[in-house]
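Participant: Read off the chains here:
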Amino acid sequence: MTQMSGAKMVVQALKDQGVEVVFGYPGGAVLPIYDEIFQQEEIQHILVRHEQGAVHAAEGYARSTGKPGVALVTSGPGATNAVTGLTDALMDSIPIIVLSGQVPTFMIGNDAFQEADTVGITRPCTKHNWLVKDTQDLSNVIHQAFHVATSGRPGPVLVDIPKDVQFATADYTPKTRARTQHYQPRVKGDIDQITRMVELMETAERPIFYTGGGVINSGTAASQLLREFVSATGFPITSTLMGLGAYPASGENWLGMLGMHGLYEANLAMHGCDLMINIGARFDDRITGRVQDFSPNSAKVHIDIDPSSINKVIHADVPIIGDVGHVLEDALKIWKARGRKTNTGALPKWWAQIQEWRNIRCLDYKNSETVIKPQYALQRLEALTKDHDRYICTEVGQHQMWAAQYLGFESPNRWMTSGGLGTMGYGIPASIGTQVAHPDALVINVAGEASWLMNMQEMGTAMQFNLPVKQFILNNERLGMVRQWQQLLHGERYSQSWSEALPDFVKLAEAFGAKGILCSDPADLDDAIMEMLNYDGPVIFDCLVEKHENCFPMIPSGKAHNEMLLGDATVDGAIGVSGAVLV
Amino acid sequence: MSPLQIQQGTSKHSAYDLRSHLSETLERHTLAVVVDNEAGVLARTIGLFSGRGYNIESLTVAEIDHEGHRSRITIVTTGTPQVIEQIKAQLERMVPVHEVHDLTVEGPSVERELALIKVCASGEKRVEALRLADIFRAKVVDTSLSSFVFEITGTPEKVDAFADLMRPLGLTEVARTGVAALSRGPAAL
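Line order of the protein sequences matches chains A and B. If you count by the working numbering, then the first sequence holds residues 27 to 609, one letter each, in order. If you count by the working numbering, then the second sequence holds residues 27 to 215, one letter each, in order.
I should point out that these hints are in silico values taken from the structure, not numbers from a laboratory. Everything numeric in this text was worked out from a predicted model, so none of it was measured.
Heads up, simulated DMTMM-like pairs for lysine to aspartate or glutamate below, C-alpha to C-alpha not over 20 Å straight-line:
| no. | chain 1 | residue 1 | chain 2 | residue 2 |
| --- | --- | --- | --- | --- |
| 1 | A | LYS338 | B | GLU111 |
| 2 | A | LYS338 | B | ASP128 |
| 3 | A | LYS326 | B | GLU111 |
| 4 | B | LYS114 | A | ASP332 |
Using the sequences plus the hints, can you model the full thing?
Facilitator: Dropping the structure here:
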């Protein structure tokens, strides 16, 4: 046993866990840990400008690598600023470890300076959290924290470390001897249930794969297995926002994203299928629309590592609890062993029906020669960047949905977006975390101007660490999605949905020492994007777009999949009374 | 109700599982949850119920294994079959939770609750209170010239019945422990 201080233990435990980067912000209650960070070289510390940025950066790092992200914050405001990021990671099942400083144990409960009940505040927004009151337990708890964050359904954890615990000395517990036995979620699916799924697949006339973030979280091998399964069976596949990239957008069975702003063919196929195979998705309300009318005539298979996801929203006829990769491996094996059967008589008819839906061309929009349409901006961005080693982050709103519709994702871990929580301000810090993990890749944050301003201070971080992130802002001088809902639901009374007093983004970029590009003419767009791509450093791209463009297709809240709106002509009274209370 | 109109959701001890997953009937279930006896574990459990809008009718918790740092939480809750299933799944995925048992569906079980009931009365009412206490096998654990404190153990229904009888006789205060429950027979968690 090696004796060391609690602060040294923190750094040692991070090294043992293979951590290369920590995103953080110092303060009184974490000074001993920062002192240890100062005296070593193995772990890089990225100094953010706000603790929310640290947590989102850790999320971006985690999503783009498949490894857990780590953030380090001080007590009190440092910890409370981390709450949004923790909640975001909980909703999207992202493995992150947040280490927070705390006032010394003998002052806890005294309303000490920068004291907050951090474990109390973060209990509902973490998978688990710990307050370490004895240095003897510290290294064991940190190893447990990594184990919990990355096992089963991944998620955020927090370890709260009082300052006196950081100063005191105790024995260090190496990773191999940490107690992690009792939290071992099941990864293998029940073979009988998997066999039932395969039986259904053999006879289904109108099957569909509906995949989600669980495929990405399961690792790249799961995506490979999914691709093999899809191409071997010839079934159509759609995905949630969180699962984009698991199956390539260029793949021939790809229907595009489903859900509230998903593609017509994807939603209609979900509505009309007779077998739905949900792989690592959770029947979110953005996906199901009106639950009573969700895919009324299908048998539903639900593969999920979290038993609480099963039957939470939609009853599963064949529930399979297990890790996507493990289940798909077994399912493929069983399906092959039983003779690789599908209903070859019926599948062509199903595809013909899907082709009819595709012929609607739901993503078509009316382009303009005088003003940049946001869809057009993203189509050009896609065309000019798709051959790059590219990672896309987004903020939250219309631009996020357009990015999901118009950009193509060919591999997993290339798409960092805030799905469940819908956190405006996620994108810039996430792009920083992604760029730190992939220094030579092209990292683009597709943003709206309003979201982007929420964490724009992180441009300072990008500058300090030479992170050439490209901030591609679709600037409509509106809170576009809010404005769209006000048009659909509130009689076009646009309450507080203008972005007034916006900064000059080019000057703002220059103030940070970055490059600013302004583009407002569709004819200049390609050159402007190329200028952004060719610049070796952070860029703020202010793309002035059509101010009143609505995001379609859309399933209005409270409606079913087959009640989609395809364009502005159909929006009058789009949301009924029962839908109005939904968000 | 005629014998043929068997209502779904009310058949917890029937040989046939008539409980429909989609039933809207509220059911009362007693859950036994074995947890690590660590700081915050009770707050975590209660937070799960309040955060997700589940009911708690009764909750008791105490350490049951000092060496192993284990506590047992007994929760009585109500909900539709789907909600009950969710509650169990949500409890099971908590890190400090070792086991979740639904005593209501896993077989016959015994439930007991202890209550202390203060009755202030004089004259005939005082005598009647004592007589009823005797019928209910309640013990007198404190007495003054104008009051009794009764200790009663039994099912929640029995405690309710006793308290209801004491009310007109001068009941002034009740303290109840909440339900403790174990499965019948030799099998143990």
